[in-house]
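Here is what each chain is made of, one letter per residue.
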Amino acid sequence: MTADPLGVLTGVHFIDGDHAACEGALAAGCRFVAGYPITPSTEIVERFASRIPLVGGVFIQMEDELAASIAVQGAIWGGQKSMTVTSGPGLSLMMEHIGLAAFTEVPLVIIDVQRGGPSTGLPTLPAQADMMQVKWGSHGDYEIIALCPSSPQECFDLTVRAFNLAEQWRTPVFVMMDEVVGHMTERVQIPAPEAIEVVERRWTGLKPGDYRPFQPAEDLVPDMVRVGDGYRIHVTGLTHDERGYPAMNPAAQDKLVRRLATKIRDAGDALVDVREEACEDADVIVVSYGITSRVAQAAVEQARAQGVRVGHARLVIAWPFPSQRMAELAARTKAFVVPELNLGQMSREVERAVAGRVPVRLIDHAGGTVHEPDRILAGILEAAR
Amino acid sequence: MSQDKPVRQAKGTVFVRPEVCKGCAYCIEFCPTECLGFSEEFNAKGYHYPVLKHPEECTGCGLCGLYCPDFAIFGIRLKDIPQAASEPPVPPKAG
Amino acid sequence: MRAASPLVEGYPKRIPLHDGSEVIVRPMKRSDEVRMLEFFSGLPLEDRQFLRHDVTQPENVHRFVTDVHRDTVLALVGERDGRIVASATLQRHHYGWMTHVGEIRVVIARNLQRHGFGVGLVKLLVKAAIQAGVEKIVAEVPSNRTAARKAFERLGFQREAILKRHVKDLCGRKRDLVIYANDVSHIWERMESMVLDFNPTLGG
Amino acid sequence: MSKTEIRIGGLGGQGVILSGMILGRAASIHDGRHATLIQAFGPEARGSACSAQVTVSDVPIGYPYVRQPGILIVMSRDAYTQFVPQIHPEGILLYEQDLVQPENLPAGVRAFGIPATRMAEQLGRRLVLNIIMVGFCTGVTQVVSEASARQAVIDSVPRGTQKLNLDAFQAGFEFGRNLVVAPSPVAP
Amino acid sequence: MSTDTLDTLGPEGLPHMDNPSLPYLRGERIPHIWCPGCGIGTTVNCFTRALGEAVSDLDKVAIVSGIGCTGRVAGYMNLDSFHTTHGRAIPFAAGLKLARPEMKVVVYSGDGDLFAIGGNHFVHAARRNMDLMVVCVNNFTYGMTGGQLAPTTPEGASQTTMPFGNFEKPMSLPFLADAAGASFVARWTVFHVRQLTRTLREALGKQGFRFIEILAPCPTLFLRRNRLGDGVDMVRVYKERSKIRDGADTKDVDLGMDGDIIVGKFVDRERPTWLQSMNAHYQQVFGERYRPWGGVREQD
Numbered sequence: 000m001t002a003d004p005l006g007v008l009t010g011v012h013f014i015d016g017d018h019a020a021c022e023g024a025l026a027a028g029c030r031f032v033a034g035y036p037i038t039p040s041t042e043i044v045e046r047f048a049s050r051i052p053l054v055g056g057v058f059i060q061m062e063d064e065l066a067a068s069i070a071v072q073g074a075i076w077g078g079q080k081s082m083t084v085t086s087g088p089g090l091s092l093m094m095e096h097i098g099l100a101a102f103t104e105v106p107l108v109i110i111d112v113q114r115g116g117p118s119t120g121l122p123t124l125p126a127q128a129d130m131m132q133v134k135w136g137s138h139g140d141y142e143i144i145a146l147c148p149s150s151p152q153e154c155f156d157l158t159v160r161a162f163n164l165a166e167q168w169r170t171p172v173f174v175m176m177d178e179v180v181g182h183m184t185e186r187v188q189i190p191a192p193e194a195i196e197v198v199e200r201r202w203t204g205l206k207p208g209d210y211r212p213f214q215p216a217e218d219l220v221p222d223m224v225r226v227g228d229g230y231r232i233h234v235t236g237l238t239h240d241e242r243g244y245p246a247m248n249p250a251a252q253d254k255l256v257r258r259l260a261t262k263i264r265d266a267g268d269a270l271v272d273v274r275e276e277a278c279e280d281a282d283v284i285v286v287s288y289g290i291t292s293r294v295a296q297a298a299v300e301q302a303r304a305q306g307v308r309v310g311h312a313r314l315v316i317a318w319p320f321p322s323q324r325m326a327e328l329a330a331r332t333k334a335f336v337v338p339e340l341n342l343g344q345m346s347r348e349v350e351r352a353v354a355g356r357v358p359v360r361l362i363d364h365a366g367g368t369v370h371e372p373d374r375i376l377a378g379i380l381e382a383a384r
Numbered sequence: 000m001s002q003d004k005p006v007r008q009a010k011g012t013v014f015v016r017p018e019v020c021k022g023c024a025y026c027i028e029f030c031p032t033e034c035l036g037f038s039e040e041f042n043a044k045g046y047h048y049p050v051l052k053h054p055e056e057c058t059g060c061g062l063c064g065l066y067c068p069d070f071a072i073f074g075i076r077l078k079d080i081p082q083a084a085s086e087p088p089v090p091p092k093a094g
Numbered sequence: 000m001r002a003a004s005p006l007v008e009g010y011p012k013r014i015p016l017h018d019g020s021e022v023i024v025r026p027m028k029r030s031d032e033v034r035m036l037e038f039f040s041g042l043p044l045e046d047r048q049f050l051r052h053d054v055t056q057p058e059n060v061h062r063f064v065t066d067v068h069r070d071t072v073l074a075l076v077g078e079r080d081g082r083i084v085a086s087a088t089l090q091r092h093h094y095g096w097m098t099h100v101g102e103i104r105v106v107i108a109r110n111l112q113r114h115g116f117g118v119g120l121v122k123l124l125v126k127a128a129i130q131a132g133v134e135k136i137v138a139e140v141p142s143n144r145t146a147a148r149k150a151f152e153r154l155g156f157q158r159e160a161i162l163k164r165h166v167k168d169l170c171g172r173k174r175d176l177v178i179y180a181n182d183v184s185h186i187w188e189r190m191e192s193m194v195l196d197f198n199p200t201l202g203g
Numbered sequence: 000m001s002k003t004e005i006r007i008g009g010l011g012g013q014g015v016i017l018s019g020m021i022l023g024r025a026a027s028i029h030d031g032r033h034a035t036l037i038q039a040f041g042p043e044a045r046g047s048a049c050s051a052q053v054t055v056s057d058v059p060i061g062y063p064y065v066r067q068p069g070i071l072i073v074m075s076r077d078a079y080t081q082f083v084p085q086i087h088p089e090g091i092l093l094y095e096q097d098l099v100q101p102e103n104l105p106a107g108v109r110a111f112g113i114p115a116t117r118m119a120e121q122l123g124r125r126l127v128l129n130i131i132m133v134g135f136c137t138g139v140t141q142v143v144s145e146a147s148a149r150q151a152v153i154d155s156v157p158r159g160t161q162k163l164n165l166d167a168f169q170a171g172f173e174f175g176r177n178l179v180v181a182p183s184p185v186a187p
Numbered sequence: 000m001s002t003d004t005l006d007t008l009g010p011e012g013l014p015h016m017d018n019p020s021l022p023y024l025r026g027e028r029i030p031h032i033w034c035p036g037c038g039i040g041t042t043v044n045c046f047t048r049a050l051g052e053a054v055s056d057l058d059k060v061a062i063v064s065g066i067g068c069t070g071r072v073a074g075y076m077n078l079d080s081f082h083t084t085h086g087r088a089i090p091f092a093a094g095l096k097l098a099r100p101e102m103k104v105v106v107y108s109g110d111g112d113l114f115a116i117g118g119n120h121f122v123h124a125a126r127r128n129m130d131l132m133v134v135c136v137n138n139f140t141y142g143m144t145g146g147q148l149a150p151t152t153p154e155g156a157s158q159t160t161m162p163f164g165n166f167e168k169p170m171s172l173p174f175l176a177d178a179a180g181a182s183f184v185a186r187w188t189v190f191h192v193r194q195l196t197r198t199l200r201e202a203l204g205k206q207g208f209r210f211i212e213i214l215a216p217c218p219t220l221f222l223r224r225n226r227l228g229d230g231v232d233m234v235r236v237y238k239e240r241s242k243i244r245d246g247a248d249t250k251d252v253d254l255g256m257d258g259d260i261i262v263g264k265f266v267d268r269e270r271p272t273w274l275q276s277m278n279a280h281y282q283q284v285f286g287e288r289y290r291p292w293g294g295v296r297e298q299d
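Chains as they are written, first to last, in numbering that gives the first Met the number 0: chain A, 0 to 384; chain B, 0 to 94; chain C, 0 to 203; chain D, 0 to 187; chain E, 0 to 299.
Just so you know, the hints here were simulated from the structure itself, not pulled from any lab data. Among the clues, some could well be false.
What the hints assert, rightly or not - Facing chain A, a subset of chain D residues (Cβ under 8 Å, in silico):
#1 R24
#2 S27
#3 A34
#4 S56
#5 V58
#6 Y62
#7 A106
#8 Q121
The beta-carbon is built from N, C-alpha and C at its ideal position, and this holds for glycine as well.
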């Protein structure tokens, strides 16, 4: 499938990441957004609200993030592609419904424009400190997918991809922006509709009566139906069987929770996207994601100018974490350097993946601005020593 | 079973699923003609379920079915029963 | 320091009429004096009543053509077959509390009225007014000129005031004068919101 | 010059961000180069200090912040005080001459003033001050081409206001060209 | 439970007949989990009868519940049904309704779910006149968690988290719904099965935010703790204390441990729904360029 031309503003634009992400959602076929204003994500829903009357669809500003994050799930069961948009404090409120979406396999997209936290923190300044919360924030065991754009162009591209991944894997997909990427303005190229690949919902081919809403296909993902089409489905946040009926026993729990984890963990290369540069014979590999990648790249180039063999591995998909790839890289390098705008989140995933084979040096930062490239450079030089 | 009242022609009857009854007595309490009573038998869960004690009093108004929270009983007018036998029905065995 | 002739770029323009023909519209020139006098003199008295000067007098037309203060007045004429067939002006104040207000006056030859020409002329003036930074455009129309009133209403003008028994027609009958206004300040408010530097919605 | 850092400073409400937007758009869309705009954001920006950071480059831009502006545009005294210490030793300072009096400028810095607020008032609208500054910057520095800058002005302002904004751009542009062609009038 | 044990006893010589509620229920899930004497099942009977009378295509009705005893209603209904999170049935239903406007969407939940944790959503959906029918089974307590204080618990009543009697003022649900802007507000008790059925039927046929409060006994947790007897005793109390007053001013209908229980249809007014308002407004703003949202899109 390709994009519906109605939603695609083909052309070259000079827009910020928030606006680009909105255009990505429209291009991907999103026609329902429920939101609650929060800096620095608000421009995404503002743009959606102003664009949608002439595209056809609905924007509704709900009374809070709890409402926004479940209204979109109602819309998705109603057949729409749908997303909500927030920042840290709102994400905290949405946690319950992230669990619901993961457990009931709702193809939900959430854009989180990260700001400094905890609590109200730094509304207008960046951080990358929600990385663990999106993975682990709701109670129970579940898997999500998280994408990390580092430019307005990627805000567009990865939002389209987020919708595609959500439809394909039926799990919540996060676009982990940050304040800088959200408010940074750059050229954004929006392709022609026919050049934008759009993954449609996995509609069942079965008839009512034969269809079971949570019976997985070969890739462990069940097909969907739309409310109102006669299937009379039941969906519950309780542990459920393939019919969707509550099944509250250890066997049902094991079967369901294990399948939901396995469908993502065993997806293999389909959910690995590490952009590597000169990692083959590097003495030091910088692992970065999001806005920090751009800063890290500046430091990497300075280090190379000083003769250090340094590679750069950028996590475009941060969750599921590419553990295997990190382990492979660990086998051919002497040290990892992980800069991030928090006091150590994804760096611990890198540590876990390399399992002590090489040192992992965290270049932390509490947020509020990006790193000074010199700090990352110093880390690279020390690691190379 | 009470035999005090004059015998009347039943206009309706009830259907009961004893095993889903929880013995709440709504149907018996709010039956307008007071034609229902508890069975003497227990169901598997130990509840006394309703039985038609005075079938000739039943009008088939259906209120017992509206009140029953457990979908265990419903009343119906005889003329609404498809292919209803022309002979007067034999009531279900009372407990 | 002021940018030269800000409002007369892009002329001459053509206004299509309902019958498929066109009228050329261009800024008035000094050399138009003789033809302007011809045009004004050819107007029926009823139409001339609307003007502030007796434009059948050559000295009045001379003054109008030569003395127009080009910074505050945009004067357009309609021309067809070498003859002037319309005069349209946008007047502004350079000083005081009405610098944001522009006034439109349009006079059209009888045989070109009700051909969609007036609407076209007013449209050009509104566009020019907005470009010049005008926030509110006004026009006066006697209550009995229903075609002119409809033309303004079609272009989004609102009846803002009615001056009762304010003007006298040829027979000395007093008529109401309708003041039409078109508040175009929202266009400049959008510009203002863009320079607020507060959460600017500057998407393209 | 492969990479130019531009810092624009002024008061909230002077159109600081919009002027950065126009320069960035001119460079990245119409000149076919790369540009990144980082905008000051939030309620703190209203009515007080406000700034935009634009990086223009022939190659993709990594680190997006401006650290040593080669071009510093200031529209308020506070912005001058705040940002002049950052300016590149051989940078260009563009300032609103009725609002800013350059003092203690590093020797290598060339400074050019323009009475942009007065010019904007004479054009009829004070709010085109920022567009005059864009024209001025284009005229003096040619960091973006004139045609691209004009097109970016047209793309960036609301319909109906393009004419006045282009006039403002032109006024600033010509003022700037005259200063550069003539010897610099400011000797700090 | 095997189907044998669900056999229906009918008079001999008559054909086998099913309970008239059964076609509307997921039969394999009956018996349900509610306690003996709980009134929730009674409200379901009335709802199924109303569905039968008011709705021709049950595929076009969806039911959404929150969490709690009444929250289980969705799971028993043979409709597209959603058992969502605590308090959030209304925003889920709003999203569903806006995505598929041709559906009738019913929210069926309890007083704690709809008015404590979900109170904000109720207020805003009513204010927007979201096209939802909201049925609240009010049993004055938190049943599923074991009898804690609810926002509807009458003054003086004892609850596990208000062990010496409730000193808080309870919320009058019809008054709140009215003030927030609901188009239709009614209250009945499980004693009033016929009136309740009629009201549910009427509300199913209407548009806008419709709110129906149903008082139902919770014998296990509310009645026993307050020595009010059994479920059937409470329904008898409803019968004795109820006064039917259609059109009553909602500020006069609050409830206590004693006194009248005012029931009836209190509010019935015409207001455009949220979606109607949106479409009308954008049609006015954008004219023919606007693409009205009907949500009807054939499945690909």
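Here's how the hints hold up against the structure:
| no. | hint | in the structure |
| --- | --- | --- |
| 1 | R24 | holds (4 Å) |
| 2 | S27 | holds (4 Å) |
| 3 | A34 | holds (7 Å) |
| 4 | S56 | violated (11 Å) |
| 5 | V58 | violated (11 Å) |
| 6 | Y62 | holds (4 Å) |
| 7 | A106 | violated (27 Å) |
| 8 | Q121 | violated (30 Å) |
Comparing the model with each numbered hint stated earlier shows that hints 4, 5, 7 and 8 do not hold.
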